[in-house]
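Model the full assembly from the supplied sequences, consistent with the hints where possible.
Our numbering applies: residue 5 is where the sequence shown begins, and numbers increase by one.
Note that these hints are calculated values from the structure, not bench results. Certain hints may be false.
Claimed, not checked - When the alpha-carbon atoms are kept at most 30 Å apart in a straight line, the in silico BS3-like pairs for lysine-lysine are as follows: (1) K184 with K168; (2) K57 with K94; (3) K47 with K184; (4) K184 with K19; (5) K131 with K94.
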Amino acid sequence: MSSTTATTGSAQPQKISVLFVCLGNICRSTMAEGVFRSIVQDKSSPYYSLVGKVDSCGTGGYHIGDEPDSRTMSTLEDNGVTNYVHAARKLRDSDFQNFDYIFAMDNSNLSDLQRWNNRRKKSSSSKAQVMLFGEFSGTGRKEVVQDPYYIGRDAFEKAFEQCKRFSTNFLEQTFPDLAKTTA
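Here it is, written out as structure tokens:
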């Protein structure tokens, strides 16, 4: 869905839905969800009324029902994201029809998503654009968000910085007309 096909006939684009995916849904995808929500739910943001649904999930069911990792939460809080709540869940077939954009945190997650989607396409279509979140790195090359779980606090800070940069770049590149309203 491009910014030109997402219009309803008025100047306001249709609300979009975004899903962030990693392996276990307690570190990277929750970081991305929290960061993205904070941007699009800011009433002063040009994207405030653009996004209808934001969620995250994992390709594995290792942490279903768990809260995000405490280091994810403290990193979000240290950066001003203080109202984020989430319970981990696993990817569902319906996600490919319920979300416009599905962002993988790394190439392994992307391969899992593509395989999952190809398997289920035999029975139903998909509206989701599935891609690596790091395609919006702004550096001219694709980046991955490394799993910080076994690395430490600095890796959580790096993941936060990437998620913020990728989110901003995605919104500005995909919806340039809205980005111009703040320029």
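To see whether the hints hold, each was checked on the structure:
1. Proximity of K184 to K168 is assessed by CA-CA distance (about 19 Å); at most 30 Å being required, the pair is judged to hold.
2. A threshold of 30 Å between alpha carbons decides the hint, and for K57 with K94 the separation of about 17 Å falls inside it, so the pair holds.
3. Taken as a hint, the K47 and K184 pair is honoured in the structure, with Cα atoms around 16 Å apart against an allowance of 30 Å.
4. Of the pairs offered as hints, the one joining K184 and K19 holds, with about 18 Å between alpha carbons and a cut-off of 30 Å not exceeded.
5. Between K131 and K94 the CA atoms are separated by roughly 19 Å; this keeps the pair inside 30 Å, and the hint holds.
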